[in-house]
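There are 2 protein chains.
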Amino acid sequence: MSKRLETTPKKDGFRMPGEFEEHAGTYMIWPERPDNWRLGGKPAQKTFTEVINTIAKYEPITVVVSREQYSNALAMVDPKVRVVEMSNNDSWMRDCGATFVTDKKGNLRAIDWKFNAWGGLVDGLYFPWDQDDLVASKMAELEECDRYRLDDFILEGGSIHTDGEGTILTTEECLLSAGRNSDKTKEEIEETLKEYLNAEKVLWVKEGIYNDETNGHVDNMVQFVKPGVVVLAWTDDEKDPQYKRSHEAYEYLSNETDAKGRKLEIVKLHTPNPILITEKESEGVDSVEGTLPREVGDRLAASYVNYYVGNGFVAVPIFNDPYDKEAIKTLKELYPDRKVEPIYAREILLGGGNIHCITQQVPKHK
Amino acid sequence: MSKRLETTPKKDGFRMPGEFEEHAGTYMIWPERPDNWRLGGKPAQKTFTEVINTIAKYEPITVVVSREQYSNALAMVDPKVRVVEMSNNDSWMRDCGATFVTDKKGNLRAIDWKFNAWGGLVDGLYFPWDQDDLVASKMAELEECDRYRLDDFILEGGSIHTDGEGTILTTEECLLSAGRNSDKTKEEIEETLKEYLNAEKVLWVKEGIYNDETNGHVDNMVQFVKPGVVVLAWTDDEKDPQYKRSHEAYEYLSNETDAKGRKLEIVKLHTPNPILITEKESEGVDSVEGTLPREVGDRLAASYVNYYVGNGFVAVPIFNDPYDKEAIKTLKELYPDRKVEPIYAREILLGGGNIHCITQQVPKHK
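Those protein sequences? They're chains L and D, same order as listed. Under numbering that gives the first Met the number 0, think of the first position of the first sequence as 0, with each following residue one higher. Under numbering that gives the first Met the number 0, think of the first position of the second sequence as 0, with each following residue one higher.
Check the hints yourself; a few may be wrong.
Which copy? The list can't say, so a pair holds if one copy fits it or any two copies do.
[Claimed, not checked] No more than 25 Å apart at the CA atoms, straight line, and that leaves these computed lysine-lysine pairs for DSS-like: (1) K2 - K56; (2) K328 - K279; (3) K79 - K363; (4) K365 - K279; (5) K324 - K41; (6) K104 - K79; (7) K103 - K262; (8) K185 - K200; (9) K113 - K79; (10) K79 - K10; (11) K103 - K79; (12) K45 - K2; (13) K2 - K79; (14) K41 - K2; (15) K279 - K79; (16) K10 - K205; (17) K259 - K243.
Since the hints were made in silico from the structure, they are not lab data.
Chain L with its partners taken away, still in its complex shape:
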């Protein structure tokens, strides 16, 4: 049902809409791998279910799940959720899933970036990643839409944001990392982003969140609220290694304009206090050679910017931290027409990401 296309979205008149534009639905992957999720994934499955059932209140959602966990997932989620068997290597739908583009005639297409588990054999997080790399193609079959496959360009959905009006946000830390497209120049990488997302300008934030194992994905650091307005992960604590990162990003973005020539309004979202892996949490994770270990005392890349925006809602991770309240208040002001849904998300964070990382939107098309 899905043809592989050899053209590009820009040539064909397709663009990636902003996440804040209307959705046809959301995709997620059910978590299970015991060398990343503690206690056989059971606590993470509870939190994922909360995210799934929250989104299901607002828009159609499909959860894909391995053969082994199929019946369990089906039993746990709201009956409104569509559950589909799909093999995977882990549960980061944002990163291995399709990036969808639409045209003005109501057509949907999938971009199927090459995926190598955040750095392949250089600094990837697990091996192998063959099933993750098939997820986008399988989503295109389910959506019955054609697909642009890039055999020679590695990208995760979490490393880009778009305002839907020609501006892309990304980080140098990730897109220029050694484990991805190190055979290409920055200019070549920028050209590919423009061609596939149908954009005119790429804003290169230098770094993402401190100690983020994704090599600083932008979706943990900056997000478009709407064209011309971004939120930025922030800290006032000069001793925090995050300080320099956030301040440099602020400086950079303050002096840039977007594709339409607008100056950006930057809203700060203060990060929670440092969150470290506890002994109990570390002990619950299987030790497997080749998979990033979860060690006691490791600092997690916690950020409120890793929220997900859908039809009428904003699903935001909270951490039982004093800064939760401020984050919720700021997001309520930024999204007056959407319900802010805070979800206690420590279990997702323990796996290496958050709500934005585990979701992928299908834009409304017809």
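Starting from the known structure of chain L, arrange chain D on it as the hints suggest.
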């Protein structure tokens, strides 16, 4: 997306339409198990692809396929075909898949019979069958329709036919077999069929095709062309063990009326000459304890009745046998408004069934 229902189709105003009524589409499963399909399933995959691509010319078709064969199936079938990952134990979609029912308001629902591989631990054909038994539920999720699950009633789709007007065809050989519902009386079994398929009358043909490993599925023996008209597998050869079976069925059906009180018109479809497994064919199949062996000289249950009717076509198995011509001619006369598509199907037959056994229709609903 699919709720489990505790009522019955009859109570809810749903019925199973005849196969000859309009379809929304077809489902099939990709073959692969090397202890049933010779040479790792490669010859069967070619023939299945012929069936798939033939059906794809006429109506939407979804092919479900294991993780291991996903990419290969995607590469082999026509791009019009929707390919979806789904675990399975073998490729008999008719038997393990959902039986779909519709109501007058345009709603679709799935019946999810309990499946035990044609006889469970009594005389089933392989072990285990856990993934096959999940296929119907997964189809309901894909079709986004609710589902009647029978925890205590074993049935395969190939053991029933309906005229869509209240008459069910089945065989005593199969439905009263020791490996299925032997804790139930014939009357109780009949009552369940009427309640779930929304029928008033069940016609009990005594036996199916000689040496049919399904315990004589009706879909290899008799099929409704339309209400009031059936085709029957036939032989004039008195020495053939099929002779008594066909003649008894003819006798029985001649003296019965359908749910509407009509006498049945019976059209004979002469079976091909006996088809035996060759040494080469037998050698290509893995030997696995617990799976029915494919031995040299075994007679296969070949029958032209095992055809599949869809929107504008009749896909009929042929065997390079002198009787092929007669079967094609008869079906052309019986279906003047459909294209008869003969497919050389020895490779499907070698696995234990034919075109009807590997297909399942989704009736048109909205």
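*Violations among the numbered hints*: Of the numbered hints, 2, 4, 5, 7, 15, 16, 17 do not hold.
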